[in-house]
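2 protein chains.
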Amino acid sequence: MTPKERAWRVADAPFQPGKLHHTETIYTLGNGYMGLRGTFEEGYPGAIVSTLVHGLYNHPAGELVPDLVNMPNPLPLTIEVDGERFGLDKGQVLGYARTLDLETAILSRGVLWRNSRGTIVAIEFERFTSLAVEELIVQRVSIRPLSGPCSITMAASIDGTQTNFGVTQWGSLTTSSESGAGHSPRIFADGLTAQSQYAVTVASTLLSSVGLVTASEENPLQPDLGVTVALERDQQAIFDKFSAICTSRRSDSPRIAATQILEAASARGFDMLRVAHCAEWAQYWHDSDIQIEGDEAAQRALRFATYHVLIAAPRHDEHVSIGAKTLSGPGYKGHVFWDTELFMLPILTFTQPKLARNLLMYRYHNLAGARHKAREAGFEGAMFPWESTDTGEETTPRWTNPDAEGKRIRIWTGDTEQHISTDIAYAVLQFWRWTGDDEFFVKYGAEIVLDTAVFWGTRAEYQAATDRFELRMQIGPDEYHENIDNSVFTNSMVRWHLGQALDVIAWLEAKHPAAAADLLTRLGIDSTRQDHWRRIIAKMYIPRDAEKGILEQFDGFFNLDPVSLAYWTPRVANMDYILGHEPTQHTKVIKQADVVMLMALLGDDVGTVEERRRNWDYYYPIVDHGSSLSPSTHAWVAARLGLDAEAYDLFMYAGSIDLEDAKGNVRDGIHGAASGGLWEAAVFGFSGLHLTNSEFKVDPRLPAHWRSMSFRIYFQGEQRMIKLIAGQPSG
Amino acid sequence: MTPKERAWRVADAPFQPGKLHHTETIYTLGNGYMGLRGTFEEGYPGAIVSTLVHGLYNHPAGELVPDLVNMPNPLPLTIEVDGERFGLDKGQVLGYARTLDLETAILSRGVLWRNSRGTIVAIEFERFTSLAVEELIVQRVSIRPLSGPCSITMAASIDGTQTNFGVTQWGSLTTSSESGAGHSPRIFADGLTAQSQYAVTVASTLLSSVGLVTASEENPLQPDLGVTVALERDQQAIFDKFSAICTSRRSDSPRIAATQILEAASARGFDMLRVAHCAEWAQYWHDSDIQIEGDEAAQRALRFATYHVLIAAPRHDEHVSIGAKTLSGPGYKGHVFWDTELFMLPILTFTQPKLARNLLMYRYHNLAGARHKAREAGFEGAMFPWESTDTGEETTPRWTNPDAEGKRIRIWTGDTEQHISTDIAYAVLQFWRWTGDDEFFVKYGAEIVLDTAVFWGTRAEYQAATDRFELRMQIGPDEYHENIDNSVFTNSMVRWHLGQALDVIAWLEAKHPAAAADLLTRLGIDSTRQDHWRRIIAKMYIPRDAEKGILEQFDGFFNLDPVSLAYWTPRVANMDYILGHEPTQHTKVIKQADVVMLMALLGDDVGTVEERRRNWDYYYPIVDHGSSLSPSTHAWVAARLGLDAEAYDLFMYAGSIDLEDAKGNVRDGIHGAASGGLWEAAVFGFSGLHLTNSEFKVDPRLPAHWRSMSFRIYFQGEQRMIKLIAGQPSG
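Going down the list, the protein sequences come from chains A and B. Position 87, counted from 1, in the first sequence is what this note's numbering calls 138; the numbers after and before it change by one each time, with no gaps. Position 59, counted from 1, in the second sequence is what this note's numbering calls 110; the numbers after and before it change by one each time, with no gaps.
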């Protein structure tokens with residue numbers, strides 16, 4: 052590989068079975084509509100096959116919460132060489148190389164394979180999820196007999212037996228085929244999800260450069276398109292499989308829609324489809340790439356992270372959002388957390404504002420669910436769910452599944468991790484301030500900011516004894532401590548949020564009086580309520596040790612049992628797994644530092660550099676990075692505090708979580724927040740990009756060995772290029 | 052990890068069972084006397100345990116050739132936590148991190164482990180093979196109960212059941228223990244190799260910071276030193292295991308020697324032993340490190356490669372040499388090939404000349420075997436064996452072991468891959484010219500150069516019909532073509548060799564006439580013989596296509612069947628494995644390019660840049676890099692030809708062979724020639740270091756993104772520092 056290829060590619064050769072699940076995840080393809088794990092076309096024992104479509108949830112009977120439906124698998128290509136089935140666990144693998152080209156989002160693989168009779172074939176696979184036609188999956192397989200003539204049987208199927216780890220999502224699922232004049236035969240899986248009643252069609256067609264393709268429904272739920280050809284030595288047979296996944300979320304008849312997509316794809320052909328796809332990706336990278344000179348590993352890690360946010364970001368749908376594990380695996384069942392707004396959204400807000408807008412609109416459209424949650428809990432306004440799916444209702448499970456001994460643990464985040472409502476408001480305001488998209492803000496964004504403020508106004512508890520407002524029973528970003536009182540993160544953010552809400556009202560009234568009047572009326576925000584907010588702002592209790600000048604993460608945190616993380620060296624498992632869920636609550640170990648998160652979001656507002664440094668020095672040693680969100684945030688803040696070595700170390704650690712499987716759990720899916728967080732660490736941390744009044748500025752702290760860092764952002768609707776040269780800041 | 056640590060460390064966390072054998076090999080420790088694979092102290096299912104000592108060969112009955120004896124394993128530490136045996140395949144691994152610190156050659160590993168009853172312990176392992184006392188292995192294990200008090204049982208044993216994949220090497224092997232006043236108990240394995248009759252003692256002692264160590268011989272051939280202690284929570288128990296491996300190659304009584312080493316080590320203690328070890332390594336790196344600015348991956352790869360040559364290079368023994376797989380695994384049974392002189396030796400010649408001298412002395416001491424081989428084949432002088440062990444006799448197997456169908460293949464290299472005699476002469480001359488070590492050369496080196504020249508003088512065949520000298524039945528570096536006539540590499544090198552021999556004679560006669568007279572008399576080199584050499588030089592046939600200006604690899608090569616390597620894409624297996632051993636001979640595919648190797652060794656002598664480039668263009672596309680020696684040599688020559696992109700790509704490929712297991716066969720051991728070759732590619736390729744008369748010069752072609760490259764070399768006995776800054780050469 053050339054240096055350029057090294058910086059743009061993730062690759063593996065030869066085949067390492069021990070990395071099966073890791074590579075399945077990191078080679079996931081996607082186009083903002085669907086996500087396909089990097090499983091092998093021909094299958095492999097133990098593979099975790101996953102084909103997910105944004106928004107396509109179902110809540111199966113007997114399960115705690117809804118899950119993203121694992122679609123009928125559109126990838127399978129069964130290849131027989133002289134009657135012997137090809138597989139990496141069979142015959143002799145004489146060659147193997149797999150490459151994910153991040154630049155074009157194309158996954159390719161070559162295999163040189165010898166069957167037990169000595170017949171050697173070269174098989175090349177290529178696939179992409181089209182960025183131009185997002186329901187479309189394009190696959191090509193080329194087969195060349197190398198040792199002599201041979202017979203090849205290819206069966207391209209749809210696997211309708213796919214489940215979510217044994218849980219079936221379908222009320223009905225039928226498979227069928229169509230063979231007609233004027234088109235190559237097609238196969239279909241038509242399903243209706245059991246609870247959510249989404250109609251889904253997965254359809255495939257196969258174009259063969261040789262031989263006649265025929266459809267077969269011999270295998271139940273696994274229809275296939277088969278062709279058998281006799282090939283001469285070095286005669287290349289090319290098979291193009293086009294598949295469409297359509298759902299009733301988009302079209303009245305998914306089957307007709309899928310058929311039309313296959314027709315159009317067949318008419319255009321592989322090469323043209325590829326060109327259109329690559330053109331879209333070229334634009335993506337033009338806008339979103341960060342270029343690093345002097346650090347190939349950091350460069351590749353950043354591109355890999357950017358890739359995974361981009362493939363997960365919905366392009367044409369404002370009713371869906373990105374789950375914590377993107378669409379790359381089964382983890383967290385595709386549920387949407389604060390990870391999206393505070394970690395994955397910024398790269399989009401700054402480089403792909405249209406996509407960021409879609410994600411924020413998802414929250415807007417789900418205000419009903421948030422209002423419902425607030426009402427149920429006895430509050431006004433909008434209280435967003437901790438875990439969100441297609442309905443906007445809270446979908447956090449209340450209990451873990453029972454363990455081997457039948458024990459289950461109460462999950463509190465859906466009840467009391469309430470900061471997400473402010474996180475979403477923060478993201479809306481960040482989007483608005485940087486994009487200057489007043490139209491969005493006036494029509495939608497302001498309502499999110501204000502109705503969540505309404506919630507907080509009713510949520511804050513006045514304590515007469517101390518004449519202050521408090522927030523009890525909370526969970527902050529550090530989830531090792533549940534149902535604590537007065538989270539410094541939440542209290543501070545709520546105070547900030549209410550202040551922003553008042554500013555928004557003033558701005559709306561000045562610039563858009565009619566819209567303001569309408570909105571304030573609808574949300575019931577009168578002057579009394581605003582006065583109440585002012586009182587909360589003035590009297591919000593922020594726990595801190597005045598003497599030491601350190602914020603206290605929550606009431607009583609300073610009195611918890613000290614924990615030395617060095618004591619638990621070397622550690623890969625999270626501390627709560629080691630100590631146990633309940634015992635961890637009584638210790639000072641934190642999953643991620645709420646105070647550091649606060650410093651990341653509010654920066655100077657939290658205090659002077661010296662004050663923030665004091666807080667860092669207190670909290671950093673007790674962070675166990677139990678969350679994959681943690682390292683990048685800490686890298687960002689470390690860079691801002693001039694802790695260059697720590698910043699770089701944390702940045703590279705964040706970059707290794709998925710790429711190197713540093714936490715050993717990538718099999719469940721990409722850590723989307725770690726991906727987005729890496730961009731934040733680079734841009735907010737190393738470049739120090741920030742807003743001052745109506746301008747933006749940088750304040751670079753590049754790692755010492757970087758020669759330069761360049762990136763583009765949109766600012767107030769205009770794209771701007773920022774290039775930072777080592778040692779010399781420039782805007 | 053800091054950037055500095057990244058550039059000095061090879062590490063893995065969490066534990067990946069799929070990389071077991073790869074990491075066993077790359078984490079090998081050594082000190083030029085012994086090599087210990089990076090297997091786990093506590094064992095692991097399927098582990099390839101290997102403890103090798105230079106020169107300790109044995110030829111077991113029924114085996115084709117001698118093998119380096121797999122010693123009784125001195126590493127085992129069996130740990131029980133509350134009666135439950137610790138292992139990575141048992142209980143819960145809560146943490147795992149392993150690091151080979153290249154700077155100090157210390158392998159460390161931490162494990163956080165929970166047994167089935169919930170007891171958690173932190174276990175830290177450290178080990179090194181002392182560079183100060185080379186028979187000594189130092190291990191430390193620290194155990195701390197973290198969850199509460201617990202009982203720890205530690206058994207430090209020697210595993211005398213070790214074999215070479217089931218083949219026993221011992222005529223006798225007994226184990227025993229000694230417990231006496233005034234010293235901690237010791238255990239011993241005393242063996243006598245069956246055929247070679249080497250006496251070996253492996254001895255261990257265990258120092259415990261808590262509890263009383265007692266010796267046990269309960270397990271046959273696995274004596275152990277046991278201690279059981281009750282530990283409080285957070286009470287650290289430290290166990291130091293010192294082991295010695297002594298052999299009759301060094302001392303009359305290995306057992307007494309081993310006992311003395313253990314006594315001395317126990318008296319000094321772990322910390323002092325570690326200090327002494329690290330001080331030696333600091334000097335190694337001071338002399339041998341190449342520093343790259345601007346390419347962390349290349350920097351780490353170079354250090355990793357340098358490390359593996361240094362740990363394999365004998366420091367105090369001039370009767371042993373480095374096998375193709377160093378002492379890191381079972382591959383090639385520890386046999387010594389040309390890999391040593393042409394790939395591993397240069398880094399030593401230039402940076403550790405004393406070590407280089409040891410390796411050349413190994414060949415000097417084995418001249419008897421080489422003379423024997425020449426005589427047996429009907430020639431005069433010295434004809435070095437293709438595979439060499441402790442006797443200096445040819446030890447290349449004549450046949451492969453039968454495959455499943457009983458087929459075996461004749462191995463010809465021991466008969467006809469004769470260029471090694473000239474390769475050794477080349478290495479002697481390179482050593483002499485750069486070090487200026489006349490004393491070595493006059494006493495030893497000249498005899499190697501001249502007696503191998505005597506061999507060639509009798510080996511070259513005069514063909515009256517064409518009035519030229521030829522060399523038939525040869526194998527060149529490209530071993531895909533056996534028993535060919537007139538290898539362009541061999542013929543050219545022999546011509547060069549005879550010319551050098553005449554120069555050496557002239558120099559000797561001028562500067563050391565007495566020594567010259569003695570040597571020439573002993574070797575029978577009279578003026579007639581010298582005249583014969585001059586005729587050979589004048590009339591040596593060098594196959595080439597005059598019209599195209601391309602050297603022909605051997606007679607008839609241009610007429611072989613063309614092979615397109617692109618046709619066989621993507622390939623990991625070697626082409627001879629794919630096509631079959633015999634069919635490959637009829638094709639133009641080459642394992643490595645003889646002509647490129649020739650250009651590497653003789654540079655300008657092979658032709659102008661244009662001529663060499665023409666040869667490159669012809670041969671490079673047909674090289675399959677079937678040999679791990681190939682990429683680095685090609686990188687070196689590519690750099691010299693100004694093919695910067697190819698040079699860097701090949702350099703990084705060479706660096707990945709062991710570090711990334713790019714060829715998938717590192718389980719058998721380190722590719723020592725790839726390691727040494729990486730240094731050659733950097734120094735001879737990128738820096739262009741070369742000799743001009745009595746000076747040295749550089750002619751840098753650094754990869755475009757490198758900021759600088761610095762290294763030290765010894766030149767004529769003085770150490771010189773060379774720093775190349777990007778874009779500007781400097782000496």
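Among the hints, erroneous ones may be present.
[As the list claims (entries may be wrong)] Listing some non-contacts, in silico: residues in chain B with all C-beta distances to chain A over 10 angstroms:
#1 D285
#2 G345
#3 K458
#4 E746
[Claimed, not checked] Here chain B is said to cover these stretches of chain A; the calculated rule only asks that three of the stretch's residues, wherever they fall, bring their Cβ under 8 angstroms from a Cβ of chain B:
#5 422-429
#6 529-540
Please keep in mind that the hints were generated in silico from the structure rather than gathered at the bench. All values derive from a computational prediction rather than experimental measurement. The beta carbon of each residue, even a glycine, is placed where N, CA and C say it ideally should be.
Hint numbers contradicted by this structure: 1, 2, 5, 6
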